[in-house]
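Take the two lone chains, each set in its own frame, and fit them into one complex as the hints suggest.
Residue numbers (our numbering), protein chains in the order written: chain A, 1 to 117; chain B, 118 to 234.
Quick caveat, the hints were computed from the structure, so don't treat them as lab data.
By construction, the Cβ of each residue, glycine as well, lies at the ideal position given by its N, Cα and C atoms.
One or more of the hints may lead you astray.
As the list claims (entries may be wrong) - Facing chain A, a subset of chain B residues (Cβ under 8 angstroms, in silico):
1. Phe208
2. Gln223
3. Tyr224
4. Phe225
5. Leu234
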Amino acid sequence: AQKVTQAQTEISVVEKEDVTLDCVYETRDTTYYLFWYKQPPSGELVFLIRRNSFDEQNEISGRYSWNFQKSTSSFNFTITASQVVDSAVYFCALSPPPNFGNEKLTFGTGTRLTIIP
Amino acid sequence: GAVVSQHPSRVICKSGTSVKIECRSLDFQATTMFWYRQFPKKSLMLMATSNEGSKATYEQGVEKDKFLINHASLTLSTLTVTSAHPEDSSFYICSARDLLAGRGTQYFGPGTRLLVL
Numbered sequence: 001a002q003k004v005t006q007a008q009t010e011i012s013v014v015e016k017e018d019v020t021l022d023c024v025y026e027t028r029d030t031t032y033y034l035f036w037y038k039q040p041p042s043g044e045l046v047f048l049i050r051r052n053s054f055d056e057q058n059e060i061s062g063r064y065s066w067n068f069q070k071s072t073s074s075f076n077f078t079i080t081a082s083q084v085v086d087s088a089v090y091f092c093a094l095s096p097p098p099n100f101g102n103e104k105l106t107f108g109t110g111t112r113l114t115i116i117p
Numbered sequence: 118g119a120v121v122s123q124h125p126s127r128v129i130c131k132s133g134t135s136v137k138i139e140c141r142s143l144d145f146q147a148t149t150m151f152w153y154r155q156f157p158k159k160s161l162m163l164m165a166t167s168n169e170g171s172k173a174t175y176e177q178g179v180e181k182d183k184f185l186i187n188h189a190s191l192t193l194s195t196l197t198v199t200s201a202h203p204e205d206s207s208f209y210i211c212s213a214r215d216l217l218a219g220r221g222t223q224y225f226g227p228g229t230r231l232l233v234l
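Next comes chain B alone, as it looks inside the complex (with noise of 0.2 angstroms):
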């Protein structure tokens, strides 16, 4: 139980294109995702705190009309990074909190590697 998938696992593109990224709670609901951006080497840093059918809560820093994030439904969320740069380019994770059982655990998805060329 308690697996989360993103998709895709990696991808390159463009600068100047829109990259979106999807993360889904297969086996359990989540009202609430969680994304992160994680540089190499270094821990992880929390983006937008994402809310089903409400706005997503963002960290100081982080440009909310840049990463665009929507929580449509109990068991997906998307993340997408607007007219990316290379600047962008980094591991992104989301994760979710199963509220019926380990009510305090986020479980991870296993990453995105976006490269922006």
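Bound-form chain A, shown alone (with noise of 0.2 angstroms):
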């Protein structure tokens, strides 16, 4: 079965502050893909990043970062210099290696992020 843990329901930062938001997975299979999604006030899901299992790179896109680290099974996400604009909640969720399509998403509970002006 697969899990996603998102410890930290919710977060609050003064603006400018650098922020990491974790997440930690749980799966047997040894290929599989990491997302995470921004989910702002109005409720749409916004697709942030997709990262492959066996491409532990380190991605950073702006102001966002993400850290994959296998042996402990993690996948934070660093927002530097935050913004009020990035007050929203973030999901991270885990699927496994596509094959017919139809593959699932297994999500964390959020974490909702405040950005304090």
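Have a look at this one:
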């Protein structure tokens, strides 16, 4: 069975501070995908990143960076120089490798991030 | 690319009526779409997997006669909440997987807020 744990339920930081959102996962698959999605107050889920399990390179995209460590089954997400627009609920998710296209996503419970102006 | 739309975005209905929600992939074809339900401040709960041209696969505990799913084409899936009751009030989100590009990634629609009076 697959499981995703986001232990931080809510985080508040002052604008311009850096913040890291934790994600720990469990799976028996040797190959899998990890995702981060952002859900702003409007409700839609915005895709941020997909990471293959065989690619442990960290990734940076602007103020966002992701640290994937297979040894600790973690896929943490860092926002540097946070902005008010970053306020949202962030979900980490896990799926088996693509096969027939019907692979399910297992979501964590989400971390509500509030950036204080 | 990879845009998913949902209609309506918000609906209020009387108890006992049926409500249809449409999910469309606008710029790609999706043989598989997914329907989720989200309660306030909770994570997403997968309801069913919608496969084009075949019956949907429902998750345990989801009543297939209450939540009718039709995936009539490669760009359209519909969810009909039949004989809606107040406990069906929720945020319903669909997602679609682009098989040609970003094959392992689900792209989400903006969601539909259903309120049953």
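These are the hints, each one checked on the structure:
1. Hint status for Phe208(B) relative to chain A: holds, with the closest Cβ pair at about 6 angstroms, below 8 angstroms.
2. Against a cut-off of 8 angstroms between C-beta atoms, the interface hint on Gln223(B) holds, since the closest Cβ of chain A lies about 6 angstroms away.
3. Because the smallest distance between the Cβ of Tyr224(B) and any Cβ of chain A comes to about 6 angstroms, under 8 angstroms, the interface hint for this residue holds.
4. Proximity of Phe225(B) to chain A holds as hinted, the smallest CB-CB distance being about 4 angstroms (cut-off 8 angstroms).
5. Hint status for Leu234(B) relative to chain A: violated, with the closest Cβ pair at about 21 angstroms, above 8 angstroms.
Checked against the numbered hints listed earlier, the structure breaks hint 5 alone; every other hint is satisfied.
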